[in-house]
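Participant: Take these sequences, add in the hints, and give me the full structure.
Chains as they are written, first to last, in this note's numbering: chain X, 3 to 322; chain G, -4 to 326.
Please keep in mind that the hints were generated in silico from the structure rather than gathered at the bench. Mixed in with the good hints there might be a few duds.
As the list claims (entries may be wrong) - The calculated DMTMM-like cross-link candidates involving lysine to aspartate or glutamate, where the alpha carbons are at most 25 Å apart (straight line), are: (1) Lys84(X) x Asp61(X); (2) Lys85(G) x Glu62(G); (3) Lys238(X) x Asp110(G); (4) Lys238(X) x Asp79(G); (5) Lys136(G) x Glu32(G); (6) Lys238(X) x Glu80(G); (7) Lys85(G) x Glu126(G); (8) Lys262(G) x Asp244(G); (9) Lys120(G) x Glu233(X); (10) Lys73(X) x Asp61(X); (11) Lys197(G) x Glu32(G); (12) Lys238(X) x Glu109(G); (13) Lys265(G) x Glu40(G); (14) Lys197(G) x Asp222(G); (15) Lys238(X) x Asp129(G); (16) Lys238(X) x Asp149(G); (17) Lys85(G) x Asp220(X); (18) Lys133(G) x Glu32(G); (19) Lys148(G) x Asp220(X); (20) Lys148(G) x Asp310(X); (21) Lys9(G) x Asp220(X); (22) Lys85(G) x Glu217(X); (23) Lys84(X) x Asp74(X); (24) Lys238(X) x Glu126(G); (25) Lys136(G) x Asp171(G); (26) Lys238(X) x Glu97(G); (27) Lys9(G) x Asp82(G); (28) Lys148(G) x Asp317(X); (29) Lys84(X) x Glu281(X); (30) Lys309(G) x Glu320(G); (31) Lys238(X) x Glu81(G); (32) Lys280(G) x Glu300(G); (33) Lys84(X) x Glu52(X); (34) Lys201(G) x Asp213(G); (35) Lys120(G) x Asp79(G); (36) Lys238(X) x Asp82(G); (37) Lys73(G) x Asp171(G); (38) Lys148(G) x Asp137(G); (39) Lys85(G) x Glu233(X); (40) Lys9(G) x Glu77(G).
Please read all numbers here as calculations on a predicted model, not as lab measurements.
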Amino acid sequence: MISFIGRSVIQKIITLFFVSIVSFLIIHIAPGKPSQVDPMNPKFTPEVVERFQKEFHLDKPLHVQYFYFYKDLFTGETISWKDNQSVINKIWERFLNSLPLFIVGTIITWTLSFPIGIRSAIFRGQFYDRSATFLSYLLISIPGFFFAYVLIIFVVNQFHVPVIGMETFGIGEGASLPHIFMDRIWHLLLPSMLGATGGIAVLSRYVRSQMLEVEGQDYIRTARAKGLPPEQVHYKHALRNALLPFVTMFGLILPGLIGGSVIIESIFSWPGMGRMAYEAILARDYPVILTVNFVSAVLVLAGTFISDLLYLIVDPRIRL
Amino acid sequence: MANNNTLISVQDLKVYFRSSHECARAVDGVSFEVRKEETVCLVGESGCGKTVSALSILGLIPIPPGEIAGGRILFQGKNLLELDEEDMQKIRGNRIAMVFQEPLTSLNPVFTIEDQIGEAVRIHKNIGAGELRDCCIKLLKDVGIPSPVQRLKDYPHQLSGGQRQRVMIAMALACDPDLIIADEPTTALDVTVQAQILQLLKSIQKTRSMSVLYITHDLGVVANIADRVYVMYSGIVTEQGNTAQIFYDARHPYTQGLLASLPSRSKRGKRLYSIPGTVPNPAYKPEGCPFHPRCPHAISTCSREHPEMCDYSKAHLARCPVLFESANGYK
Ligand SMILES: Nc1ncnc2c1ncn2[C@@H]1O[C@H](COP(=O)(O)OP(=O)(O)O)[C@@H](O)[C@H]1O
Ligand code: SF4
Ligand SMILES: [Mg+2]
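Facilitator: Structure representation (structure tokens):
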């Protein structure tokens, strides 16, 4: 066990090292240079560009730049080229904004997908299953942004609540605490639901097919042959096995923390991580891009590590 | 037919599997009975409907695509085919238990041996936790698993194939059933282990005075264990009799073919006989006698008329009028 953890951590650190090199190279190979951001900008005099290059070591060879960049990253001194702010602080602030969206979205997705998928499998071919299948294909095929606009129009017209942004503009003054709270909830609900719909459609299908596969196994027949009632056959013998692959997925949702959804955050003017990364790319703000990239890589690796550990705990066949 | 010694009597059972374009008549009018404290064998090539017959007894045929198209299964005076799901649950594992062919896939990989055996006991008996554990240990001891206390916390993958099948048998014994159905319990095992499992089933049958319905495609095993034998072919019973009648006085060409293909000392070195052709697809069975495309004695009527059972003696019947007439010398 200990040696498994040790080996795994070392492997992941090596992977991370390569990821850092590759992402650094890719961003420098990509066309365009930060020192040329806007040659038409009158503030961008040759002197400014030169000072800029010096300050960020852009005149040094690539491997030295790499070294400087990751030194700054690990000491937390990286600053954005766009607004000279600390990148770590920027990311942290955006992360806190994205977090509620992510948590509520994930909770909605997982709490709905599993019951839907399991029931579909148990009642396969019957009315419930057919309706669920139809609905999920419908949700998969409607583009998210279109669905978002329909929902926004519906909610705004029907309930007369503003839903754009994280809270109603200027609500801070004079509103009672419950009012502010409800306002926040309303703003949170719609984007997280939208973020969840696609996930529910896909995940519930996946749960259904897992469950169906397990229901056809010999040990399910054995369970019935013992005289167990159907509930115990489905929810004890089948479900335990059908859930195993989702343990892996559970670790992999961690990186979703940082990606967020650019589309949903843009539609709802939500100041989250996804939008920040997107804007940083447009502005060729390398420190922000590389830091976000590095943090996501860490999260992906941490996620797989957690899945491996969970698998070890839940599947008795895996022993070290 | 059914006297008070009969434990279970399957009468004219028909089980079909329908799909959109065809109907497989997997079991097409099978009758057999098992008496108290008796071991009965159901023999036949694979695909002839043995497993489907066995699963029908426990109501484990998946419906759809399956369908019980007719017949009765009388067990202790009740027709099992008419019981509702809840009453059936009280019979499964309690009065009738089953041991399956694949001991690896038939045990749930994520539960311990104790969980799975204990569950079989608890579901039918009101029993405390400590007592349950003792009960599991005793069952494991009864099926010859060494150091049973240590095995309780094991998972199926930690046991050998033979031990897994012993665990399956322990599970079947959990509630001291009247009938154990063993569906090719040794087919997936090594030859030496096969003999041990067979021996175990034999001794259990004796010590617990249970009835056993033993299903196999291997006539060699039959001689070793059976009191009476039913030979099945393509969803019907083609010959039935006690073990001696089947082995020394076979009256159906199919039984004769199966016997001829058994390896024996006198045939050593020679090529083994095998019946030409294959079992018909249950969705497209030949007209008349289903065996006629492979039968060395077939005459023209065989491909038209469904053969009736012919009585050679009270207990010995064979479904071949052609041989019956030539044996009895009249037309
Ligand atoms: N679940 C099922 N769906 C469709 N057909 C089935 C199913 N189970 C069995 N059958 C059909 O029943 C026939 C007999 O099967 P089975 O009883 O398993 O034979 P065996 O004598 O080898 O045990 C098979 O040829 C197969 O076509
Ligand atoms: S009835 Fe005809 S085909 Fe069938 S076993 Fe007898 S001789 Fe052969
Ligand atoms: Mg079979």
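Participant: Take the hints in turn and mark each one as holding or not.
Facilitator: Structure-based check of each hint:
1. Lys84(X) x Asp61(X): 19 Å, holds
2. Lys85(G) x Glu62(G): Holds, at roughly 22 Å.
3. Lys238(X) x Asp110(G): Measuring from Cα to Cα gives roughly 11 Å; hence the hint holds.
4. Lys238(X) x Asp79(G): OK: Lys238(X) and Asp79(G) at ~22 Å, within 25 Å.
5. Lys136(G) x Glu32(G): This hinted pair holds, its Cα atoms lying about 22 Å apart.
6. Lys238(X) x Glu80(G): Holds. Lys238(X) to Glu80(G) sits at ~19 Å (cutoff 25 Å).
7. Lys85(G) x Glu126(G): 21 Å, holds
8. Lys262(G) x Asp244(G): 19 Å, holds
9. Lys120(G) x Glu233(X): Holds. Lys120(G) to Glu233(X) sits at ~19 Å (cutoff 25 Å).
10. Lys73(X) x Asp61(X): 17 Å, holds
11. Lys197(G) x Glu32(G): Distance ~11 Å between Lys197(G) and Glu32(G) Cα, so the pair holds.
12. Lys238(X) x Glu109(G): Distance of about 15 Å is within 25 Å: holds.
13. Lys265(G) x Glu40(G): 22 Å, holds
14. Lys197(G) x Asp222(G): With Cα atoms ~11 Å apart, Lys197(G) and Asp222(G) stay inside 25 Å; holds.
15. Lys238(X) x Asp129(G): 24 Å, holds
16. Lys238(X) x Asp149(G): Measuring from Cα to Cα gives roughly 19 Å; hence the hint holds.
17. Lys85(G) x Asp220(X): It holds: about 21 Å lies between the C-alpha atoms, which stays within 25 Å.
18. Lys133(G) x Glu32(G): 22 Å, holds
19. Lys148(G) x Asp220(X): Distance ~22 Å between Lys148(G) and Asp220(X) Cα, so the pair holds.
20. Lys148(G) x Asp310(X): Within the cut-off at roughly 23 Å; holds.
21. Lys9(G) x Asp220(X): Holds. Lys9(G) to Asp220(X) sits at ~23 Å (cutoff 25 Å).
22. Lys85(G) x Glu217(X): 22 Å, holds
23. Lys84(X) x Asp74(X): Answer holds: Lys84(X) to Asp74(X) is near 17 Å, not above 25 Å.
24. Lys238(X) x Glu126(G): 23 Å, holds
25. Lys136(G) x Asp171(G): 15 Å, holds
26. Lys238(X) x Glu97(G): The given pair, whose Cα atoms are some 21 Å apart, holds under the 25 Å limit.
27. Lys9(G) x Asp82(G): Holds: Lys9(G) and Asp82(G) sit about 22 Å apart, inside 25 Å.
28. Lys148(G) x Asp317(X): 14 Å, holds
29. Lys84(X) x Glu281(X): Measuring from Cα to Cα gives roughly 10 Å; hence the hint holds.
30. Lys309(G) x Glu320(G): Given pair Lys309(G), Glu320(G) holds - Cα atoms ~17 Å apart, limit 25 Å.
31. Lys238(X) x Glu81(G): Distance of about 18 Å is within 25 Å: holds.
32. Lys280(G) x Glu300(G): 13 Å, holds
33. Lys84(X) x Glu52(X): 16 Å, holds
34. Lys201(G) x Asp213(G): With Cα atoms ~22 Å apart, Lys201(G) and Asp213(G) stay inside 25 Å; holds.
35. Lys120(G) x Asp79(G): Satisfied, since the Cα-Cα distance of roughly 20 Å is no more than 25 Å.
36. Lys238(X) x Asp82(G): 21 Å, holds
37. Lys73(G) x Asp171(G): 19 Å, holds
38. Lys148(G) x Asp137(G): Given pair Lys148(G), Asp137(G) holds - Cα atoms ~18 Å apart, limit 25 Å.
39. Lys85(G) x Glu233(X): 15 Å, holds
40. Lys9(G) x Glu77(G): Holds - the C-alpha atoms of Glu77(G) and Lys9(G) are around 14 Å apart, at most 25 Å.
Checked against the numbered hints above, the structure breaks none of them.
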